[in-house]
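Enquirer: So the chains spell out like this:
Protein chains: 2
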Amino acid sequence: MRKLHLLVFLISILSVEAQNVSSPSKTISLNFKLSSDGKPTYSVSYKTKPIVKESSLGIVIKESKSLENNFRIDSIGQKSFNETWQPVLGEQSNIKNSYNEMTVALSQPSTDRRINIIFRVFDEGIAFRYEFPKQKNLNYFIISEEKSQFNLVGNHKAFWIPGDYDSQEYAYNETKLSEIDNSKLDLNNGIGVKTIASSFRVQSPLMMKSADGIYINVFEAAVVNYPIMHLDVDTKNFGLTSNLVPNAIGDKAYLQAPCVSPWRTIMMSDDAREIVSSKMILNLNEPSKIEDTSWIKPMKYVGVWWEMHVGKSTWDYAGSQNAQNAADGSLKPSGKHGATTENTKRYIDFAAKNGFDGVLVEGWNVGWEDWFGNWKEEVFDFTTPYPDYNLKEINDYAKSKGVKMIMHHETSGSVANYERHLDRALNLMKDYGYPAAKSGYVGRIIPRGEFHDGQTMVNHFNFVARRFTDYKLMVNSHESSRPTGYSRTYPNYIAAEAARGNEFNAWSVGNPPMHETILPFTRLLGGPMDYTPGIFEIKMSYYDKTKTEQVHTTLAKQLALYVTMYSPLQMAADLPENYERYADAFQFIKDVAVDWQDSKYLEAEPGDYLTVVRKEKNGERWFLGAITDENARKTEIKLDFLTPNKKYQAIIYQDGTDADWKNNPKSYAIKTIEVTSKSKIKLNLSNGGGTAISFKPIN
Amino acid sequence: MRKLHLLVFLISILSVEAQNVSSPSKTISLNFKLSSDGKPTYSVSYKTKPIVKESSLGIVIKESKSLENNFRIDSIGQKSFNETWQPVLGEQSNIKNSYNEMTVALSQPSTDRRINIIFRVFDEGIAFRYEFPKQKNLNYFIISEEKSQFNLVGNHKAFWIPGDYDSQEYAYNETKLSEIDNSKLDLNNGIGVKTIASSFRVQSPLMMKSADGIYINVFEAAVVNYPIMHLDVDTKNFGLTSNLVPNAIGDKAYLQAPCVSPWRTIMMSDDAREIVSSKMILNLNEPSKIEDTSWIKPMKYVGVWWEMHVGKSTWDYAGSQNAQNAADGSLKPSGKHGATTENTKRYIDFAAKNGFDGVLVEGWNVGWEDWFGNWKEEVFDFTTPYPDYNLKEINDYAKSKGVKMIMHHETSGSVANYERHLDRALNLMKDYGYPAAKSGYVGRIIPRGEFHDGQTMVNHFNFVARRFTDYKLMVNSHESSRPTGYSRTYPNYIAAEAARGNEFNAWSVGNPPMHETILPFTRLLGGPMDYTPGIFEIKMSYYDKTKTEQVHTTLAKQLALYVTMYSPLQMAADLPENYERYADAFQFIKDVAVDWQDSKYLEAEPGDYLTVVRKEKNGERWFLGAITDENARKTEIKLDFLTPNKKYQAIIYQDGTDADWKNNPKSYAIKTIEVTSKSKIKLNLSNGGGTAISFKPIN
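Sequence order for the protein chains is G and B.
The opening position of the first sequence corresponds to residue 1 in UniProt numbering, with each subsequent residue numbered one higher.
The opening position of the second sequence corresponds to residue 1 in UniProt numbering, with each subsequent residue numbered one higher.
Hints were generated in silico from the structure; no laboratory data involved.
Virtual Cβ for every residue (Gly too), placed ideally from N, Cα, C.
Wrong hints could be hidden among the right ones.
[Stated by the list, open to error] In silico DSSO-like cross-links for lysine-lysine, where the CA-CA straight-line distance does not exceed 27 Å: (1) K194(G) with K65(B); (2) K297(G) with K392(G); (3) K194(B) with K65(G).
[Stated by the list, open to error] Where chain G lies over chain B, by a calculated footprint (3+ residues, C-beta under 8 Å): (4) 64-70; (5) 250-256.
Take the sequences, apply the hints, and build the full model.
Expert: Here it is in structure tokens:
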């Protein structure tokens, strides 16, 4: 049930030029005023400390006067909002949404146009958006730029990645704001398509920490029919200004009044756990538009996937990566094709034996000979399997084993081609009973000139979620623009990659050990990530002696990621044969839940460590995940989250005493103890290590 | 049956730098040679007169060395080809395809790349194309420009329209080549989207006439996966150079070897009838890829359409052309909506009564409130009717009357949106039994930055034809790029507009009387045009006293257009009530055939006049159409095309003696006479007038 308490008090204060609104607990205060030239500005303080200095707001309209200044205030209204809602899938079964809202209605007399700026102040941050009401002089319009400022008060530490229009698949840089400079980055990082247009532009969420210990996070929510916002950094004065990702001809957004912009958000707290556990981004999105959500289900899955990354097999049938040989019919199987009927059955058997819900198969369909890097429009049709992949036989076999197949739709960035085949692709899925698909957008976007983060693509990813809804299917997009909470509105948008995933460890410089301690403060704020954890054979030299790549982790940390990296769709990414060699450790992946009644972040420091416990939905088990960066870490955890007066069996999966992500990553130890809510557990995390614990009530 | 005679003689002549190839009858001769810097060049003569002086050929490749010079000849091969094939629908039931072909294989040693230039010489013209064979150093590539020259030998008279990337809906200019200058045109011509990038660029087909009476036409054929070619004009030296329409970021074509360019064509003759009757463009296209063509049928149709053009009703339900009123649910019917169930039934009744095959209805579906000029991506869904349009009731009613409904898909230029809805739209058509759809592309293209004539859009139009094929449906596109014979390959691409149609006469400066005498020499060479003739109420003052617009025609000329403007899909465009007032003249439209056994062009002069007779397929009736420009014309026609020793009833629909397109356009006279193949008929065409005749054998 949705509990709703609404209190509105509208004040008509045409003469007042400044107005305050505070968070429910009064810790955060936001001040709005018009500057002397009629420019809207705001400032924010946290526990009386200034966080955002006077910052101006405005919109530049193409072929028309800008909506930046010469405004007057028509009215200012305030209201309070308080509800608790239930996500279909989530970190907790009840989410509280409580804020005070202030709507500033502005008019620009010189053009007879109006905009509203809506501010919401939550206990963990503020948000604002532009609203364009229905009016005579603003109907269809093109936004050339948004000029939202976030003027910070100091040279904060920042966790940042470049403001790339096509990719967020970067490792984070941890520097002062003054040290941000994309031109100094080593871009030999495995990313296929990079479009960095400015040296001083970063992506959001931008996670920061002030010298006096305030955590600050600038992000956005509910990006719908609008491009992604990146942030231009003034490295001298520590101001951030919105930069919207352009389209092929440099325009930013095509809108029609009445409409709204996405929310711009600033979270702030002196406790990092308040940021990492915040549901503010989800709260700023529209409630679910799907009425019957019974078909939206969490999934744990395995897949014909990692074996391609480690070079054991190929996505393409011919193994040639050359479609010149496809055109004349001379395509011959190389014998290394991964997506064969036989190999897929092996994964189905493994999934069935170990209780996994699904099996993903990549490379099943014709086109992989020239899928990558050729900016080719018609690569895949999403319906034609390779000759060695028998769709019917595989799906019948999976059904007989109680396993669901997960479809794969690699678009190679050719969105135009995907959209024109989408109904056919989804009909095929329905015909065979696939519940979900993973989609991919590796490559430059077609329509050519568009970027992964522009309005066209944001609309595409949202469109795909809606169209999957028509068929009651779930989607997990990779290389999409990063989510901003749309999964609240379309909960079948079950996960996305949209950040540097585990795969980069297989064939590039990889992800440093601190990577997974930052993602929950950045990428994961917008929605679940399909990070694909669970790699047990950590060093690629296992497959090829000449390889030096490795996952920057211990084995135990890979287990902990199932808890620290929230997703209702979790892959056990490694090969079946690798899991079989470490069956005791694999037990945790088999046990761990993926949908949660409750979550508690016990310890959190971006870039350093994270410890979280979660209680499964519809059950009494708890799971703990603790991870650290490149530094070993000792800590003690109170188990007061457990139900009092109840005994639990705790199975602790921890780093071996000699474990070390670089030199001895596979050393782990498992012990089983009995605990209660009064117990404490000492955790010993190695360099790049982690701990995973399952707590099961003892009858 | 397809008769095929193939003779190949391949000559390996590495040392020879020049080579000739002639037409089967030897009237046309083409010479190829490499220039001193290894640039491919060609020249053409007609009956020993030079037509094209030495002209170079080449391709500019993006991010690579150009394919323009430093070539050497690897081999030159020649072959002869001769076949007769049967179009599914056409001007004649047998088409002869006869040419000599020369393939020049070139290599560029400095880059180790190869191209072939293929020349074909027909009796009425020449064609050449570039072929990119499979090779190591040319796989995926981007064409930045094509540098095909057509260096003409004189300052010919030319019938030209501006090289606009978005529209061909211009009236023709008749000037010397030296006088071509787009900057001097009056562009207040009713065209919604114009993109003229150069003052000295024109579109093809470019119809010309030399001072010594040679008709020359430069065009292209088989534009598939390639942009439309426009022509840059050297107004001093009378050279033409290809200009390919760019995409959003300035690239021209994305190709993958092995592949070919479209054919570039130059037709030439001292008899204009040889140009206008030529099937060279069709012959240069691939044979039909549709095996079962039984569902491709000619159609005569009426429609809820002209009444919107004359202002009697509206496309949109609310009549407001303002979707701001749609967004908040306040859309109210204006009472002027054309596409109502009731009004449609009236047209169905009219079609049934008068033997028409189909009824087109525009404005039937939600979205028209903001369809035009807003560059909006999601306007139509192609499946949701307005509340006052009952799809089922209308289709049931039409079925009961033996009439087919013709679907309408206006995209407002949002191709992206159309493609993602296309399967749904076509499924709807199948559900209700629609055999065909008219599509429209009024507005700037989405993907934004693309032009109507770029590779993306060429591919779209061809894709639509293919997808309609999947459903056994026919398509008639409006505002598409102009056809280049693809209807041979996909005969369900039954017609297109892609030129200035009759509708411009209703609400703009209109089409001068010479317009329809030029179109058969230009636009119609590429395929049938849905010109929508048959307007009887010629002056718009009939509907509104204040209006001065009119069709630049006499009533009799409107009848003649059914014969002169070949299309297997012909509309009787005027309102039923107007036809009912002129039932005797209307009889010709009811009688005239739309698919033909044979066609004979009796007289032709571009810009001046055209007289053609056609024999219906599967019948013995002949129909004559004769039209003139703004000048009255008298002529005498021999009826020796009729079957000897057979009597025919000839019903002659001609201009009244006092008829005049401007002052007295509706004056017409009908007389019935008896004729044989030995008869002659005198034709009297008024200013802007015409004559239509039906010949029916008398038993």
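Enquirer: Look at each hint and say if it fits the structure.
Expert: Checked hints:
1. K194(G) with K65(B): Holds, at roughly 25 Å.
2. K297(G) with K392(G): holds (24 Å)
3. K194(B) with K65(G): holds (25 Å)
4. 64-70: As far as the region 64-70 of chain B goes, the hint is violated, because 0 residues have Cβ atoms under 8 Å from chain G.
5. 250-256: holds (count 3)
Going through the hint list in order, the structure does not satisfy hint 4, though it satisfies all others.
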